[in-house]
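S.K.: With the sequences and hints as input, model every part of the structure.
Line by line, the protein sequences give chains A and B. For the first sequence, the UniProt record's numbering puts the final residue at 255, and the numbers step up evenly by one. For the second sequence, the UniProt record's numbering puts the final residue at 298, and the numbers step up evenly by one.
No wet-lab data here; the hints were simulated from the structure. Predicted, not measured: the structure shown is a model, and the values here were computed from it. A virtual CB, placed ideally from N, CA and C, is assigned to each residue, including glycine. Hints may be right or wrong, so weigh each one.
[To be verified] Partial list, computed: chain A residues near chain B (C-beta under 10 Å):
1) L54
2) T58
3) T70
4) F80
5) D82
6) R85
7) M91
8) F99
9) K104
10) G128
11) D129
12) Y131
13) F237
14) R241
[As the list claims (entries may be wrong)] Stretch by stretch, here's where chain A covers chain B in the computed footprint (C-beta under 8 Å, at least three residues):
15) 109-119
16) 167-173
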Amino acid sequence: MLEVSHLRKVYGPDPSAAPAVADLDFTVGDQEFVCILGSSGCGKTTMLRCLSGLIPFTAGEITLRGKPVTGPPEDMAFVFQDYSRSLLPWMTVRRNIAFPLRYKGIEKNDARRATEEALEAVGLADRGDRYPWQLSGGMQQRVAIARALAYRPRILLMDEPFASVDAQTRSGLEDLLLRVKERYGITVLFVTHDIDEAIYLGDRVLVLRPPATVGHAVTVDLPRPRNQVLTKQEPEFARLRGELFAAIDGGSVAA
Amino acid sequence: MNRRVLGFLLELALPVTVLVGYALWASRAQSFYFPPLDEIGRYFGELWLFDRVGSDLVPSLTRMSAGYLASVLVGVSVGLLLGMSRVLRTAAEPVVEFLRALPAPALIPFSLLLFGSGDSSKIFVIVLGAVWPILLNTIDGVRGVDSQQLDMARAYRIPLAARVWRIILPAAGPRIFAGMRTSLAIAIILMVVSEMVASSNGLGYFVLEQQRSFAIPEMWTGIILLGVLGYVLNWLFLRLERRVLAWHFGLKGLAGPATGGTRSARRSPFGKRRPHAPAPPAPAASSARSSASSDGEV
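M.R.: Here you go:
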C-alpha cells in the first residue's frame, strides 16, 4: 500500500545540514494499522508532512499503491492533532465534512450520503447542524475523523490525533477509530508518542529515533477486537510495553 | 425584561438631558449661532421631510455608497493578492505606505482636474481615503489565516479558488469587517469634505451654503442629519456584521471569560459594540516587516 524507502528530508537550502529525516524505510500493507512511536522532536511530523505530499522531500522515494507521491494524493486523508485548528469554524459540522467532497468530483447526492454515513459512524448523526466550536474537544476530533472517512481514502494518516483530549475521551476515540477502520476497510498510519496507545491500536509498531529512522519494530500479536480492559491485561501487552519502552529509551540515550 | 427597559432608559437619559438642556438654554440665550431647538426642529421638518431629500441627501448617499463599495471591492481583492503573495507585498509596500499617508482631501483639486466637478471626482476622493483600512486589514487577516487550515485544504486537494473563497476570505472576515467599519466613517467624512468643494448639491454643499448665507438653523439641520446618517449607517453595518460573522461572535462568546455566553460577548463596553479586537495574531509571521497596521488614517 505505502512504501517509503531511503526517505531523507533536510530543511533549508543546504543539503548537508542536519536532516530532520535521515534515512527512513518502512512499508504499510493494505488494511494494516501501523503505529509510529517516537518522542517529540524525532521527526514524526516532518515524516508525515512528506508522506502526505504537503512538503517536498530531499531524497528517497514514497509510493502509494505503486504511484510516487509528489503532492497530496487522492487516496489519502489526514487527521491533524489540533482539531480546533483544522476544522473550519464558519461551517457547520455537516458542511465541514462535505467540504472536501465537492472538489473530489463526488456527486451531490453521493456526497450527502457519505457525509451522513460518516456522521453516523462517529456517533454525531444529531450534531450535523452544529458548529465545531459548539462541540467538546472529543466531538470535534470525531468530526475531523468523519471528514476523513467521508473522503473515502485508502489510507488515513493521523498525527497524534488524540493527544489533546482527556484520557476518558481518548479511550473512547481509540475504540471508535478501530471500529470505523474495520467498517471502512482502510489502512491507517498513526503517529503517537504514547506507548500504550500504539500497542492497543496497531498491528505493528515502529519506533522512530531521531533523526527519523526506524530504530525498532514490533508486530503486535494481540487478538482483535481489542478491549480497553482485557487487551491491556494480556501478558503480551505488558511485554510489548517493556520492549518498546526500552527501545525508545535506548534511542534517546543514544541521541 | 425589566433590565432591558432600564438599560434602554439609561441609554436615552443622556441624549434627552442634553437636548432639554440645550432647548432651555438656547431659548433664553438669544444666540445667533445657537438657535432655539424648536426653530431647528421646524426647519428640519421643512427641509428634510422631504423637500431636499432628492436634491441633496440622495446624491450624497449615492456618492458615498459608490465610493464605499468601490473601496471594499478594491481593498479586499488587492488585499487578498498582497496578503497571499510575499513578493507582491514587498513590492507594493512603499507605494501603499506613501498613498496611505497622503491625506485624501489634498487630492480634491487634482481629482477635479482629472474628473471634473461631477460625481466621479467625489467618488475618487472617497475611495482614495476609505480603501486603506480595508486593504491593510485584509492583508493582515489573510496573513493571519491558520496554517493548519491551509494544510488541511491542501491535504484534501481543495483547489485554489475554493481555498480563497471558502477558507482565506472567511478566516480574514473579522479583520476585513474591522477595516470596513473604520472605512465607513472615513467615507462619510470624505463625502462631506468633497461636497464642500466645487459642488452644486449634497449634504456637504448644503451645510456650507447655509453657513455662507447666514441661515444658521438650516445649517444646523444639515449637521444633525449628518450625525443621524452616521449613526444609522453604523447601526446597519453592525447588524450586517453580526449576521455575516455570526460564527466569529459565537466562537468568541464561548472562548471569552464571561460566563453569560454569547450575549454578553456581543455587547461592548458601550452597549453598542465597538470594533472588536482583531483576530488572533498570525501564528507564523514570515516577515518581520509588517506592512500593515490594524487601523488606518485618513
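S.K.: State for each hint whether it applies.
M.R.: Tested hints:
{"no.": "1", "hint": "L54", "in the structure": "holds (6 Å)"}
{"no.": "2", "hint": "T58", "in the structure": "violated (20 Å)"}
{"no.": "3", "hint": "T70", "in the structure": "violated (13 Å)"}
{"no.": "4", "hint": "F80", "in the structure": "holds (6 Å)"}
{"no.": "5", "hint": "D82", "in the structure": "holds (6 Å)"}
{"no.": "6", "hint": "R85", "in the structure": "holds (4 Å)"}
{"no.": "7", "hint": "M91", "in the structure": "holds (8 Å)"}
{"no.": "8", "hint": "F99", "in the structure": "holds (7 Å)"}
{"no.": "9", "hint": "K104", "in the structure": "holds (7 Å)"}
{"no.": "10", "hint": "G128", "in the structure": "violated (16 Å)"}
{"no.": "11", "hint": "D129", "in the structure": "violated (13 Å)"}
{"no.": "12", "hint": "Y131", "in the structure": "holds (6 Å)"}
{"no.": "13", "hint": "F237", "in the structure": "violated (33 Å)"}
{"no.": "14", "hint": "R241", "in the structure": "violated (32 Å)"}
{"no.": "15", "hint": "109-119", "in the structure": "violated (count 0)"}
{"no.": "16", "hint": "167-173", "in the structure": "holds (count 4)"}
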